[in-house]
Amino acid sequence: MDNSVIEQVVEAVLAELSRSEGVTVPEAPEIHEPEERDITSEAERAAVLVKNPVDAEAIARMKKYTNARVGVGRAGTRYNTQTLITLRADHAAARDAVFMDIDRELLDGIGLFAVESRCTTKDEFLTRPDLGRQLSDESVSVILEKCVKKPDIQIFAADGLSSTAIKANLPDLLPSLLDGLKNRSGISVGTPFFVKNGRVGLMDQVSELLEARVTCVLIGERPGLATAESMSAYIAYEARVGMEESRRTVISNIHRLGVPAVEAGAYLAGLLCSILKAKASGVGFRRDTGNEG
Amino acid sequence: MTLKSTLLGRTYTFSSVKEVLAKANEQKSGDVLAGLAAESELERVAAKEALSRMTLNTLRENPAVPYEEDEVTRINQDALNETVYNGIKNWTVADFREWILDCDTEEKDLLRVSAGLTAEMIAAVTKLMSNLDLVYAASKMRVPARCNTTIGLPGTLSARLQPNHTTDNVDGITASVLEGLTYGCGDALIGLNPVNDAVSSVTEVLKRLDDIKNNYGIPTQICVLAHITTQIEAVRQGAPADLIFQSVAGSEKGNRAFGFSRETVIEAHELLRKHGTSAGPNVLYFETGQGSELSSESHHGSDQVTMEARCYAFCREFSPFLVNTVVGFIGPEYLYDSRQVVRAGLEDHFMGKLSGLPMGCDCCYTNHMMADQNDLENLSLLLASAGVNYIISVPASDDVMLNYQSNAYHDITAIRAALNLRPIREFELWLEKMGITENGRLSKHAGDPSFLLGKKA
Amino acid sequence: MDGEVITSVGIDIGTSTSQVVFSHLFLKNTSGCFSIPHIAFVDKKLIYASQAHLTPFKTQTTLDDEALRRLVLSEYENAGLKPGDIDAGAVIVTGEAARKENAEMLLNSLSDIAGEFVVSTAGPDLEAIISGKGSGAQQISKARGICVINFDIGGGTTNIAAFDDGEITAKGSLDIGGRQIRVEDGRISYISKSAVKIAAAAGFYPELGEPADPDMLRGICRAMAEVLEQAAGVSPADDLLEEVRTAGSTFFAAPGNAKAVCFSGGVADCIHSTGGDPFRYGDIGPFLGEEIAGSRICSELTPLRGKETIRATVVGAGSYSTTVSGSTISHHGSVLPLKNLPVLKLDHFEQERCYGGDSEYLEEKIKWFLGQNDTTRMVLSMTGERSPSYARLKTLAQCVGEAMGEALPAEAPFLLALENDTAKALGQAIEMIAGPTRAVVCIDSVRTEQGDYIDLGRPIMDGMVIPVVIKTLAFG
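Chains as they are written, first to last, in my numbering: chain V, 90 to 382; chain W, 35 to 491; chain G, 804 to 1279.
A hint or two may mislead.
[Said to hold, decoys possible] Straight-line alpha carbon distances no greater than 20 Å define the calculated SDA-like cross-link-like pairs of lysine to any residue that follow:
(1) V/Lys140 x W/Lys478
(2) G/Lys1062 x V/Glu146
(3) W/Lys478 x V/Glu146
(4) G/Lys1148 x G/Gly1159
[Stated by the list, open to error] Residues from chain V that keep clear of chain G, each with C-beta distances beyond 10 Å, as calculated:
(5) Glu119
(6) Glu125
(7) Glu194
(8) Ser230
(9) Val231
Worth flagging that the hints you see were computed from the coordinates, not collected in a lab. By construction, the Cβ of each residue, glycine as well, lies at the ideal position given by its N, Cα and C atoms.
Bound conformation, chain V alone:
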């Protein structure tokens, strides 16, 4: 077949195509200057992305009742592009929260020294929870050397599953908590520190090592798409390795959009004192107000 034949065929096909009915080509939308925007901002998240809704106000109201991603609209059966990219951004933030380490400078800034669990890599941390509950041998020596022994209250932080949570909350929570304890006379507070690749259960070893009465670990929660910044506090009275999980008191959802870090710090100060006074934590501790003295 020579080229002219090919050209003829192509022309015929094109002519046929242009005649065929039912083929609709969408009109090209007007071209706008790209606007400055951040699709992860609160305003963008609150926006109703459903095309031509029956009642846009009603959808906006629904969005106020839940932080589930409703009113996101669609492209055929799939997400529109804004929703797709927002989801990817939130997942990326969550992945970074799990896999990134805390900067040394941040810890220096709030006066914490750093030690490690027995996990040497993030991978090991994720697949070996048993090792994440134990301090490395070197870390044991460092802690014994640097920390006050037999404190009434021992506080430490661990990255857990979100270093982002520690980064976002610890610098404001810790001083608020320590000031709150300072206000209450007669309570000795141990030397705070940070544990890399640490899990909640590590607090049991810390408690035994330092002979603390109340131990509190501030730890990053497993990040969701809604926030990667959520931190929890786990508290136990006379924590011991192998004790029942039900002896821990947990306060979760500490972040910018949940309980603000400064407020959580002030609340925890009261709670730690109540646990110290009650000599019990977890199911054995009847939560009181923490609002007085």
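For this one, chain V is given, so just place chains W and G on it according to the hints.
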């Protein structure tokens, strides 16, 4: 009994049936964590080779947990159809695999043989099957079930609509329900995982879901997935419930860690028969997932596929309406990456179907696993091809309460369109009547939750 | 603590009738066991409602406070309660009664028998909101996600409130009511000023003592209903709408998206059931009801029957006037309760200055405010930042501590109310500056406006929360 095999001139010996079963598993981080996994790829294949020559009879006689010690083993062994079993007991696992895959073996044959199988036999053959084996074999079997509606018929793909909320706020839950309905989701179930396990709170949510179901005349069922004892109490106090839910494990000890036993399930079953709001006869809902036994130290030295198969042996005793594996929720210490999650999803679905169960799947992952939304979309498409009864769906894949990702409402419509599957018939008619679909395709109102606000059935 | 029940009283003294109700309000920690507590009202139950008594007057315009006191005391007895059993609530003097010169004395005379924390509240805007909550209009609006206008039509005034998805979006009051014209022995015995205005605009000139002509009175009521149509936004507004606005009330700006209308107050019952002797109550209430039933309000909007009609205000006062503070707060229980505290609300720019540490500015502002109000007690209020850094919070605490220390007498407590949830941290930081001898009360989840007054109750739920009543206007 042969517990050894030779590969590439090297002989591998195993000390027990349990060890062969564990080492024959495709790699799972949970088996590694438990210290049960094969130490090399060759050892894994050697175990498969040894397993392929083992007879079904040997597997029956070596349950993962002894009969005397464990309720799940007893339920499984006592309910076996001995006639069927006697017909197949001398098959090797290889024979069994090839019979399943044989072009002449049909649904009715598979479901008949199912009555003579123990969990360990089902787990064993699963370990010899490739991913496509699992898809193809499962696609031969449809297991419908009936509550208010019938799900699981050929040509259908149903969805559980999961409208979870961080504080169980009923208005927020309603928003997610309306959104999901306009994507054609919810024909399997509208079911919420509550934050608050108090009877009063669970009752309030059940009432709201019941109101929505009745106001719009939706042919479906509702459930709040609180602890089974909470749901029992709520129904006793008059809460409307079509189904009662419980998470199950593959051993009695595991179920005790979940806070229930066989008696609790029987109680729930009886209660619904008298006071439930559904027609039945299938009124129970179970969830499972590989690794849960290890996490409660109730795995009795067995691998997670075998323990998962035992969950299904427990479930089938109660003729449930829904059973689904929550395949990627448990974390990387049990299923490390998307490869392991996809494999587990296909295994669980096949094992459940071969156990005669109406299987669904929550295709999901957490943010600390080596997986992303693309992997999850792959798995749901594979399962839909394998004939899964239903999958879980949440608003835009983000479950804000459980902090994990599952299939989006959107995914259900896309999979149905791509594989030419439909919602169940009653629900499809309802979607047409409401104007959410037109001639089986999404209408311009689909995806607009405000569209339903002014409409009542 | 899982839950607590508090007993609340509502006392409504209206132009024509007065009522007393008692409610149980159920408080519960609604957050999960892994979260910081969140205490909220989860249920409200009416346990006793008195009949509607005719409000005792000594003269045409002066309330009989002694008779009222006896009336209220007898209702306590009927309900089997003592003033000491009451934890919360409100006395509301509404309509024309509130304008009488002895209203303040009356409220004072009732406060002591109505329980320790019971407070006196009034103001037509607040009445409008309270009656709209009591009638059920707010709940309907929230349940259906629509905009509902509530008309609470009493003897002297019609209080109007609009709720959109449960949120108040407009409020106001008009001098239109069933007892604007009264009839005794077939003759007109009273005509209010606003009734004269409305009648004149419609071409009627009723005289005191003349025989009650049903056609004329019906005509005047039709004119009144037309003014209400204007208020509802279903007819174009004219000057009359502004002329009959109740003194001290906001102009009611009708929302454009109203879908339904709800009626409460005594006249509401005449809207829902018409017919019978038009002068059975000795006033024009039945005529007004019939005219409203036939007006454009009921044809343009969906008319709904309120859960409460004549009792809407008193039920609202008893069940909806009290709120609770946030659940992480800072307080010295010993200084509470405190009543009738004027609120100094900082606007956004002033708040910014305080977070920046400008204590001189704040000190001047507080001194000015105390002088204006001729008082030494006040609540400093601001929205507050949602999640400030600790450094910023300490700067704010320093600023507030210094300014209040300078401006307030040595024995006066530092009282703060924020909207955003940071009160416990701020209170703690201020205590560090104020020293141990100064009482500091810092609460959050409280939204105030300039000109509000506030009551802080005795802490409840093991001290976790403080009952709060916010008033838009108080006597004195």
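- Message: To test your reading of the hints: which numbers does this structure violate?
- Response: none
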